[in-house]
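Residue numbers (our numbering), protein chains in the order written: chain R, 3 to 452; chain P, 114 to 575.
These aren't lab readings, by the way, just hints derived from the structure by calculation.
Be a bit skeptical, because a hint or two may be false.
Interface residues of chain P toward chain R, partial, derived using beta-carbon atoms under 10 Å [to be verified]:
hint: 1; residue: Cys-152
hint: 2; residue: Arg-196
hint: 3; residue: Lys-230
hint: 4; residue: Leu-424
Simulated crosslink set (EDC-like; lysine to aspartate or glutamate; CA at most 16 Å straight-line) [claimed, not checked]:
hint: 5; chain 1: P; residue 1: Lys-448; chain 2: P; residue 2: Glu-472
hint: 6; chain 1: R; residue 1: Lys-157; chain 2: R; residue 2: Glu-250
hint: 7; chain 1: R; residue 1: Lys-398; chain 2: R; residue 2: Asp-366
hint: 8; chain 1: R; residue 1: Lys-342; chain 2: R; residue 2: Asp-366
hint: 9; chain 1: P; residue 1: Lys-497; chain 2: R; residue 2: Asp-208
hint: 10; chain 1: P; residue 1: Lys-499; chain 2: R; residue 2: Asp-153
hint: 11; chain 1: R; residue 1: Lys-252; chain 2: R; residue 2: Asp-158
hint: 12; chain 1: R; residue 1: Lys-342; chain 2: P; residue 2: Asp-166
hint: 13; chain 1: P; residue 1: Lys-499; chain 2: P; residue 2: Glu-467
hint: 14; chain 1: P; residue 1: Lys-283; chain 2: P; residue 2: Glu-222
hint: 15; chain 1: P; residue 1: Lys-497; chain 2: R; residue 2: Asp-411
hint: 16; chain 1: R; residue 1: Lys-79; chain 2: R; residue 2: Glu-56
hint: 17; chain 1: P; residue 1: Lys-448; chain 2: P; residue 2: Asp-478
hint: 18; chain 1: R; residue 1: Lys-371; chain 2: P; residue 2: Glu-475
hint: 19; chain 1: P; residue 1: Lys-529; chain 2: R; residue 2: Asp-208
hint: 20; chain 1: R; residue 1: Lys-393; chain 2: R; residue 2: Asp-366
hint: 21; chain 1: R; residue 1: Lys-80; chain 2: R; residue 2: Glu-56
hint: 22; chain 1: P; residue 1: Lys-123; chain 2: P; residue 2: Asp-523
hint: 23; chain 1: R; residue 1: Lys-252; chain 2: R; residue 2: Asp-288
hint: 24; chain 1: P; residue 1: Lys-432; chain 2: P; residue 2: Glu-544
hint: 25; chain 1: R; residue 1: Lys-182; chain 2: R; residue 2: Asp-301
hint: 26; chain 1: P; residue 1: Lys-420; chain 2: P; residue 2: Glu-222
hint: 27; chain 1: P; residue 1: Lys-432; chain 2: P; residue 2: Asp-500
hint: 28; chain 1: P; residue 1: Lys-499; chain 2: R; residue 2: Asp-208
hint: 29; chain 1: P; residue 1: Lys-448; chain 2: P; residue 2: Glu-386
hint: 30; chain 1: R; residue 1: Lys-393; chain 2: P; residue 2: Glu-222
hint: 31; chain 1: R; residue 1: Lys-371; chain 2: P; residue 2: Asp-257
hint: 32; chain 1: P; residue 1: Lys-448; chain 2: P; residue 2: Glu-408
hint: 33; chain 1: P; residue 1: Lys-271; chain 2: R; residue 2: Glu-67
hint: 34; chain 1: R; residue 1: Lys-157; chain 2: R; residue 2: Glu-119
Per label pair, the in silico range of CB-to-CB distance [to be verified]:
hint: 35; chain 1: R; residue 1: Pro-446; chain 2: P; residue 2: Arg-322; range: 37 to 45 Å
hint: 36; chain 1: R; residue 1: Gly-164; chain 2: P; residue 2: Gly-244; range: 38 to 46 Å
hint: 37; chain 1: R; residue 1: Arg-417; chain 2: P; residue 2: Gln-366; range: 30 to 38 Å
hint: 38; chain 1: P; residue 1: Arg-555; chain 2: R; residue 2: Glu-439; range: 54 to 62 Å
Nothing here was measured: the structure is a model prediction, and the numbers come from that model.
The C-beta atom is built at its ideal place from N, Cα and C for all residues, glycine as well.
If you want the building blocks of each chain, they are given just below.
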Amino acid sequence: MAENYVSTTNACKMCTPMGAALVFKGIENAVPFLHGSQGCATYMRRYIISHYREPVDIASSALGEKSAVYGGGPNLKKGILNVMRKYDVSLVGVATTCLTETIGDDVGRYLNEFREEFSDLSLPELVHVSTPSYSGTHMEGWHAAVRSLADQVVKDKGRAHGGVNLLPGFLSPADYRFLKALGERACVRFTMLPDLSETMDGVIWDDYHSLPDGGTPVAEIRAMGGAAGTVEFGMSGGLPESAAGVLERKFGVPARRTAMPIGLRATDQFMDVLAEFASCDMPAKDAFDRGRLLDAMVDGHKYIFGKRAVVYGEEDFVVALCSFLGEIGVQPVLVATGAKSDRFKAAVTNALAEVCQTMPVIRDDADFKDIEDEAAELNPDLLVGHSKGYKLARAKNIPLIRVGFPIHDRFGGQRILHVGYEGALALYDRLVNAVLEKSQDECPVGYGYL
Amino acid sequence: MNQTILDERKSQVHRIGEEPFAMACNRPSLAGAVSQRACVFCGSRVVLYPIADALHLVHGPIGCATYTWDIRGAISSGPQLHRLSFSTDLQEMDVIFGGEKKLEASLRELIQLHSPKAAFVYSTCIVGLIGDDMEAVCRRVSADTGIPVLPVMSEGFKGNKREGYTAACKAMFRLVGTGDTAGISPMSVNILGDFNLAGETWIVREYFRKMGVEVVANVTGDGRVDDIRRCHGAALNLVQCSGATMELAKMMQEKYGTPFHRVSYLGVEDMAESLYKVADFFAGHDPSIKSRTVELVRAELSDLMPKLAELRTDLEGKKVAMYVGGSFKAFSLIKAFRHLGMRVVVVGSQTGTEEDYKELAEISDPGTIIVDDANPLELAQFIKEKDVDVFVGGVKERPIAYKLGVGFCDHNHERKIALEGFVGMYNFAREIHASVMSPVWRFMPRRSPARAACAAKEAVNG
Ligand code: SF4
Ligand code: SF4
Numbered sequence: 003m004a005e006n007y008v009s010t011t012n013a014c015k016m017c018t019p020m021g022a023a024l025v026f027k028g029i030e031n032a033v034p035f036l037h038g039s040q041g042c043a044t045y046m047r048r049y050i051i052s053h054y055r056e057p058v059d060i061a062s063s064a065l066g067e068k069s070a071v072y073g074g075g076p077n078l079k080k081g082i083l084n085v086m087r088k089y090d091v092s093l094v095g096v097a098t099t100c101l102t103e104t105i106g107d108d109v110g111r112y113l114n115e116f117r118e119e120f121s122d123l124s125l126p127e128l129v130h131v132s133t134p135s136y137s138g139t140h141m142e143g144w145h146a147a148v149r150s151l152a153d154q155v156v157k158d159k160g161r162a163h164g165g166v167n168l169l170p171g172f173l174s175p176a177d178y179r180f181l182k183a184l185g186e187r188a189c190v191r192f193t194m195l196p197d198l199s200e201t202m203d204g205v206i207w208d209d210y211h212s213l214p215d216g217g218t219p220v221a222e223i224r225a226m227g228g229a230a231g232t233v234e235f236g237m238s239g240g241l242p243e244s245a246a247g248v249l250e251r252k253f254g255v256p257a258r259r260t261a262m263p264i265g266l267r268a269t270d271q272f273m274d275v276l277a278e279f280a281s282c283d284m285p286a287k288d289a290f291d292r293g294r295l296l297d298a299m300v301d302g303h304k305y306i307f308g309k310r311a312v313v314y315g316e317e318d319f320v321v322a323l324c325s326f327l328g329e330i331g332v333q334p335v336l337v338a339t340g341a342k343s344d345r346f347k348a349a350v351t352n353a354l355a356e357v358c359q360t361m362p363v364i365r366d367d368a369d370f371k372d373i374e375d376e377a378a379e380l381n382p383d384l385l386v387g388h389s390k391g392y393k394l395a396r397a398k399n400i401p402l403i404r405v406g407f408p409i410h411d412r413f414g415g416q417r418i419l420h421v422g423y424e425g426a427l428a429l430y431d432r433l434v435n436a437v438l439e440k441s442q443d444e445c446p447v448g449y450g451y452l
Numbered sequence: 114m115n116q117t118i119l120d121e122r123k124s125q126v127h128r129i130g131e132e133p134f135a136m137a138c139n140r141p142s143l144a145g146a147v148s149q150r151a152c153v154f155c156g157s158r159v160v161l162y163p164i165a166d167a168l169h170l171v172h173g174p175i176g177c178a179t180y181t182w183d184i185r186g187a188i189s190s191g192p193q194l195h196r197l198s199f200s201t202d203l204q205e206m207d208v209i210f211g212g213e214k215k216l217e218a219s220l221r222e223l224i225q226l227h228s229p230k231a232a233f234v235y236s237t238c239i240v241g242l243i244g245d246d247m248e249a250v251c252r253r254v255s256a257d258t259g260i261p262v263l264p265v266m267s268e269g270f271k272g273n274k275r276e277g278y279t280a281a282c283k284a285m286f287r288l289v290g291t292g293d294t295a296g297i298s299p300m301s302v303n304i305l306g307d308f309n310l311a312g313e314t315w316i317v318r319e320y321f322r323k324m325g326v327e328v329v330a331n332v333t334g335d336g337r338v339d340d341i342r343r344c345h346g347a348a349l350n351l352v353q354c355s356g357a358t359m360e361l362a363k364m365m366q367e368k369y370g371t372p373f374h375r376v377s378y379l380g381v382e383d384m385a386e387s388l389y390k391v392a393d394f395f396a397g398h399d400p401s402i403k404s405r406t407v408e409l410v411r412a413e414l415s416d417l418m419p420k421l422a423e424l425r426t427d428l429e430g431k432k433v434a435m436y437v438g439g440s441f442k443a444f445s446l447i448k449a450f451r452h453l454g455m456r457v458v459v460v461g462s463q464t465g466t467e468e469d470y471k472e473l474a475e476i477s478d479p480g481t482i483i484v485d486d487a488n489p490l491e492l493a494q495f496i497k498e499k500d501v502d503v504f505v506g507g508v509k510e511r512p513i514a515y516k517l518g519v520g521f522c523d524h525n526h527e528r529k530i531a532l533e534g535f536v537g538m539y540n541f542a543r544e545i546h547a548s549v550m551s552p553v554w555r556f557m558p559r560r561s562p563a564r565a566a567c568a569a570k571e572a573v574n575g
């Protein structure tokens, strides 16, 4: 057991408002707006851009010393007006930062005042979310933002349209694209919230767009009350009431919770849920991919069986990865997340129960110092997680299978597919090849066939 | 309601030749304007980060530390402590009851764990609000551990990057003068304002070695605490990048009488001129330094110039836009581009002063756009308006150029290629060449609009 330190070294988490900003990046024509000082917005933009390689405009109320004393209301209002002048914006998502949370700014009230003061203008949808970065991680910020959208934008039940609300959590643009296409194949009308498939992995332009194409249309969010159901991946950061919960309570939209569909079993589960809402059978493509995945799992099982993996990253994502690793015979030996979570251990144990004989060390509230210390005794063969594990991978000479966010040291992180049978197959190939590559490199004479 | 340049920002953009020079700058960023600027903390972090044997502890919630973990290419020849990211990771209870206890405990455990030569403690926005007495905590820990523990007053909201530079200089100045200066050569300098990105400080140090000049301290690239402690023993301070470390030079001049020169290691002229300045300074002491320097420059140039000429044939007449952190760098770059036969048509910086911009306007061609604290939409407009071939900026500017199908050169702190010195000029030229000459640009929609329109239509029609 590693020692418990007071300080954090090489954090395995980002701060709350960043998660919220990312959610707002997945709404059509929306601008994320951080209510706080300028630095936070700039830092987050830089961090996000390094992964997605897309323009990321995040506005800030750019509070200075005066506002820190007298409150940030005037700057917030002025800032929103400026955003409206520069962007054809349909939604402004205001997230607080530590600064404004600490001075106790009441953003909800400011926004109401703003709506009254400028009632003569055609105002965008104004959504606010409280994201003090001293409580929680970027994922708490993410889930809080999705919840705020459901709570503040969906005003009535509206017409029953038979579609399904999909709240996928934090995945890659390739994943969101996959889910959308899956909906189309399965004849289910998804309202996916958020949708970063295009906004964060877009095409080249001939003229600069102030805002990228894509994202969940605000009109569709408004209509979420009329959906046949809401499917929510993961545990929503332990919110007492998640976005799906809000829609259920207010408008009677049944909520279904399922794991992120990474790997065979989780995708099976999701397909079952989908079948409940679908008016056609499981799409042929997915049936084929499922078969191919099983075929590959047979072909490759020997190379990968018993390999010891350290898995780290966001709670839901890590749980889902473990479920997949377990079912292909990889033994997770250390599973860590940066978030504080009393649900995490049970969720990982549950995901591995059927397929693993020994349970890994499971740590929440972990930083990379903890992970390194724990890993020292565990002899891992593989690291599975985002690119911040590179330091450990290098020190221990273990292959790092880069998944999730952030990928700052490789190209194409936004196009890594994790979900569905197709995503599992792609991950499977990468895992097997990482093992093979290492043994090939380390073999004194090399070899030309597996 | 769309409007690219907000009215409040119009006075921060100037087109040479269109009107007499007048420019507003050093203003706080406008609320809601998506500034490319960072905060005070960022400024301090940038300057102090390369001190490799110091502990750098960010006192605040986690984000400020996460986003600055190992982000710069400031490399060290020895200790790598600066590349770890330490934070007090303040939680709700700390914010309510104060973070001093956690700060103190963090400092003690980290110092014990890593045995640094000194510790810098950065305050972030929230620390400024909850009123932790960092000074007192640092003093206590310093007394017990026997190493300097220096508070850096870098609360983000108290200004922009510049104030952060000041805070960093103040913190370092507390180190200066605490070391033994015995044995330092009368022909000695400190290198200020170079961060050893991709080993650049080493290139410059090598030139000085050949000239017979001792370098006492690198401030701060590949920096060491003990060197900084004794750097008041150097005969001359060389200050690059006026914004970041100028203040330290001024403080040293006042207290220790150390004179300083402004230098730049970018581009052919500026690099050579900087070396000659140093040679002149020490000529009274050792007249032969002049011929050594001339010889050094001659050898370097005879190697470099033919290579540049080769690249120039491809680059002649191409147009450049640049947006840099400090305007000082812009001067050197404009000259460097002239060597390549290229024209700079847009120049901007995050933190230039009115004086800087005036000087820039003087050395730039008519029609050049000069801009202070720009934002993405403005930059995009300028790129199009001037039809530039390559954009020079930092990582936040890259998507703007790339989305429009324009070449980009990272001239910021994350660069992995050394751009300083004569060899750096060659690297720079090759980098620009690779950006400009790639065949990919000819396929961009900006260049072949007909096909783009077609493709867009197809996409819409499914
Ligand atoms: S503005 Fe404040 S909170 Fe934001 S990054 Fe800078 S110091 Fe941190
Ligand atoms: S932790 Fe707080 S101060 Fe730091 S970047 Fe995040 S929101 Fe800003």
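Hint-by-hint comparison with the structure:
This hint holds: P:Cys-152 has a C-beta 2 Å from the nearest C-beta of chain R, less than the 10 Å allowed. For P:Arg-196, the shortest C-beta to C-beta distance to chain R is roughly 8 Å, which falls under 10 Å, so the interface hint holds. With a least beta-carbon distance of about 18 Å to chain R, the hint placing P:Lys-230 at the interface is violated under the 10 Å criterion. Annotation: interface hint on P:Leu-424 violated; nearest CB of chain R at approximately 26 Å, more than 10 Å.
Proximity of P:Lys-448 to P:Glu-472 is assessed by CA-CA distance (about 13 Å); at most 16 Å being required, the pair is judged to hold. Between R:Lys-157 and R:Glu-250, the direct Cα distance comes to roughly 13 Å. Compliance with the 16 Å bound is thereby established for this hinted pair. The straight-line distance between the Cα atoms of R:Lys-398 and R:Asp-366 is roughly 22 Å, outside the 16 Å bound, and the hint therefore fails. Restraint check for R:Lys-342 and R:Asp-366: satisfied, since their Cα atoms lie roughly 5 Å apart, inside the 16 Å limit.
Distance hint between P:Lys-497 and R:Asp-208 is fulfilled; the C-alpha atoms sit about 10 Å from each other, no more than 16 Å. This hinted pair does not check out: P:Lys-499 and R:Asp-153 have alpha carbons roughly 46 Å apart, beyond 16 Å. Between R:Lys-252 and R:Asp-158 the alpha-carbon distance is near 8 Å, which keeps this suggested pair within the 16 Å criterion. Proximity of R:Lys-342 to P:Asp-166 is assessed by CA-CA distance (about 32 Å); at most 16 Å being required, the pair is judged violated.
A threshold of 16 Å between alpha carbons decides the hint, and for P:Lys-499 with P:Glu-467 the separation of about 24 Å lies outside it, so the pair is violated. For the proposed pair P:Lys-283 and P:Glu-222, the alpha carbon gap of about 26 Å is over 16 Å, so the pair is violated. Proximity of P:Lys-497 to R:Asp-411 is assessed by CA-CA distance (about 31 Å); at most 16 Å being required, the pair is judged violated. Our distance criterion of 16 Å between C-alpha atoms is broken by R:Lys-79 and R:Glu-56, whose separation comes to about 27 Å.
For the given pair, P:Lys-448 sits about 12 Å from P:Asp-478 by alpha-carbon distance, which is consistent with the 16 Å threshold. With a C-alpha separation of about 52 Å, the suggested pairing of R:Lys-371 with P:Glu-475 is violated against the 16 Å cut-off. As the CA atoms of P:Lys-529 and R:Asp-208 are separated by approximately 30 Å, the hinted pair breaks the 16 Å bound. With a C-alpha separation of about 20 Å, the suggested pair R:Lys-393 and R:Asp-366 falls outside the 16 Å cut-off, and the hint is violated.
A distance of roughly 27 Å separates the Cα atoms of R:Lys-80 and R:Glu-56; the hinted pair therefore is violated under the 16 Å criterion. Note on P:Lys-123 and P:Asp-523: the hinted pairing is violated, with a Cα-Cα distance of about 27 Å set against a maximum of 16 Å. Taken as a hint, the R:Lys-252 and R:Asp-288 pair is broken in the structure, with Cα atoms around 35 Å apart against an allowance of 16 Å. Annotation: proposed proximity of P:Lys-432 to P:Glu-544 holds, straight-line Cα distance about 15 Å (limit 16 Å).
Proximity of R:Lys-182 to R:Asp-301 is assessed by CA-CA distance (about 30 Å); at most 16 Å being required, the pair is judged violated. Restraint check: the Cα-Cα separation between P:Lys-420 and P:Glu-222 comes to about 53 Å, which exceeds 16 Å; the hinted pair is violated. Annotation: proposed proximity of P:Lys-432 to P:Asp-500 holds, straight-line Cα distance about 7 Å (limit 16 Å). As the CA atoms of P:Lys-499 and R:Asp-208 are separated by approximately 15 Å, the hinted pair is consistent with the 16 Å bound.
As the CA atoms of P:Lys-448 and P:Glu-386 are separated by approximately 13 Å, the hinted pair is consistent with the 16 Å bound. A threshold of 16 Å between alpha carbons decides the hint, and for R:Lys-393 with P:Glu-222 the separation of about 22 Å lies outside it, so the pair is violated. Restraint check: the Cα-Cα separation between R:Lys-371 and P:Asp-257 comes to about 25 Å, which exceeds 16 Å; the hinted pair is violated. A distance of roughly 23 Å separates the Cα atoms of P:Lys-448 and P:Glu-408; the hinted pair therefore is violated under the 16 Å criterion.
With a C-alpha separation of about 5 Å, the suggested pairing of P:Lys-271 with R:Glu-67 holds against the 16 Å cut-off. Taking the CA atoms of R:Lys-157 and R:Glu-119, the gap is about 22 Å. The hint is violated against a cut of 16 Å. Remark: the range hint 37 to 45 Å for R:Pro-446 to P:Arg-322 is upheld by a beta-carbon distance near 43 Å. At about 56 Å, the CB distance of R:Gly-164 to P:Gly-244 disagrees with the hint of 38 to 46 Å.
For R:Arg-417 paired with P:Gln-366, a C-beta distance near 54 Å fails the hint of 30 to 38 Å. Evaluation of the 54 to 62 Å hint for P:Arg-555 and R:Glu-439 yields a failure: the beta carbon distance comes to about 36 Å.
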